[in-house]
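Asks: Chains as they are written, first to last, in the numbering used here: chain A, 52 to 497; chain B, -16 to 97.
No lab work stands behind these hints, which were simulated from the structure alone. A couple of the hints might just be wrong.
[To be verified] Here are the simulated EDC-like pairs of lysine to aspartate or glutamate, each with C-alpha atoms no more than 16 angstroms apart in a straight line:
1. Lys159/A x Asp76/B
2. Lys159/A x Glu90/B
3. Lys171/A x Glu492/A
4. Lys465/A x Glu492/A
5. Lys159/A x Asp308/A
6. Lys437/A x Glu363/A
7. Lys59/A x Asp186/A
8. Lys59/A x Glu154/A
9. Lys171/A x Glu273/A
10. Lys374/A x Asp351/A
11. Lys159/A x Asp46/B
12. Lys159/A x Asp53/B
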Amino acid sequence: MALLRQGKAQALTIYLGESDQWQGTSLYIAMIHYLREQGCAGATVTRAITGYGGGVRLREQGGLHLSSDAPIVIQVIDQPERLQRVLPHLQEMLNGGLITLNEVEVLKYTHARLRGFPAKLQVRQVMETAVTTVDETTPVSSVIALLLRAPFRTLPVVDRQQKLLGLIGTADLIQANALPVRRGMIRAMQQVDAQAIVEPLPHNDLRATDVMNTQLRTIGPEQTIREAARLMLESGVRRLPVVSQQGILLGMLTRSDLLQVIMTSPVMSAQSSSATQQLQQTGPHIDAQAQPVTVYMRTDHTPVREDMPLSEIIDALLISPWKRVVVIDEQQHVSGIISDVDVLQRLQAEVRPGLMAFLINWARGKPGRLPTGALRGPTGQPRLAKDVMNLDVVTISEMATVQETIELMMTTGKKVLPVVDRENHLLGVVGRSDLLQTLVEGEEAR
Amino acid sequence: MKRHQPMAAPARRLRIFIGEAQVWRGRPLYQTILEVAQRYGARGATVLRGIEGFGPEHHLSTDRIPDISDNLPLSVEIIETEERIETLLPYLDEIVQQGTITIAPVEILAGWQG
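Generate the whole structure from the sequences, applying the supplied hints.
Replies: Set out below in structure tokens:
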């Protein structure tokens, strides 16, 4: 079984004749067999009622009637990388038919008939196999360019045999003095002010091998996603390289990959095969993904009041495990959320460099002092939480299931959601790692 | 001969891959998809029945073997303007709880425009 992710994919369409043969068996059956064996995401064979060309020959049959060998159309939708792998053999099998390829976008892909919770799925069924890698000699400037542009946060460094040597993430670049702050901050800076592109630090001769992290935590392709989730939670890493016993890089597994599996897994129900049906009964047999989010939320988060001064907000931000604080009003209603990026975006242009310098020092373990200019507004009064908070705060209802919570995180791109009751009172906060816990905890229940 | 006028209108082809045996509230899912498509503005839809196939769960279904022929693959194709597809999607998303939905750009050369 293979999984397809939402987003860009390719559709392969193969036209052939029903009576076409391959090594003594029907060609389309042999192709389907091959595609399944190769772990493709799915394929559909349709038989047309008549046609000609592409392996199909028109035959005259009894007087005026033309009859044909029925045209067969096989459609395969999968990741480009996997299709490229199966294509040569399909071409070899095809004798006089036609194969077309076009780009499609996958809007939905949910697996049917998985019984219960998917914690026993193997890593290789979920991992991303189209991984961008660099080699030891790649200049760090290229690495930075790749990381700032790419959807992924970590670049594996491999040798010629695809053997994994190390990983480079933004934290490694910050440590090597090659990057001033984390990626989100750089992007935010570029958004508020295109000129404010963060000065690249001198890293003229640095190569991938100089900055890569070699203290690697890896996972094997045959291990379960439960084991992967446990490793991520224990080590705090969000991405695991998947390597063979010989150390060859096979793919990458991210926290989002695992959350997506939880999100798309059907809930167990005796009456229905529905994937998202609400379970009415309570008790020990509820699948983890159908549990209320309140089971996994954290209540140790201290919200800040709207009138808290900025200096205290920054302190709260720096110690927050989520790098965010939730703002509540006098009635305890959630009114906003603040991240370092929010603070940066809401300060006037002239005090931004000071805040950046402060955060850069902090990232290098050298806490300094925030410039006083940043702490006060243009008219001299202290800057408060309500001046810098992001009003566009996405909350999740206490009634929501784990599955619905993950879905909201994925569609909004949020990593942390305040959990609220019907009156918008803050009950707790839930982050992506908290939800990953569902994969690990299912173990005790079963 | 009349010269062909370039009048291609950009549109989207939506493909929904499901199983024939799938049901929505007691009725065949593909029928419900057609009704929903019609109600929310799609001007056409085509259901094709496959003779063999496999999906994410990797179970093969085929008309060659009676035991596994009760859930043959179906694909529903809807070709519509991007706007109408966007309107339709949330409804389809709700009823297609298992399956694959893909979208790809196409040009409409004859038929409805805009």
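Asks: Taking the hints in turn, state whether each one holds.
Replies: For each hint, the structure was consulted:
1. Lys159/A x Asp76/B: holds, 8 angstroms
2. Lys159/A x Glu90/B: Roughly 23 angstroms separates the two Cα atoms, so the pair is violated.
3. Lys171/A x Glu492/A: holds, 13 angstroms
4. Lys465/A x Glu492/A: violated, 23 angstroms
5. Lys159/A x Asp308/A: Distance of about 15 angstroms is within 16 angstroms: holds.
6. Lys437/A x Glu363/A: holds, 13 angstroms
7. Lys59/A x Asp186/A: violated, 26 angstroms
8. Lys59/A x Glu154/A: Given pair Lys59/A, Glu154/A holds - Cα atoms ~7 angstroms apart, limit 16 angstroms.
9. Lys171/A x Glu273/A: holds, 10 angstroms
10. Lys374/A x Asp351/A: Measuring from Cα to Cα gives roughly 14 angstroms; hence the hint holds.
11. Lys159/A x Asp46/B: violated, 26 angstroms
12. Lys159/A x Asp53/B: At roughly 23 angstroms apart (the allowed maximum being 16 angstroms), Asp53/B and Lys159/A break the hint.
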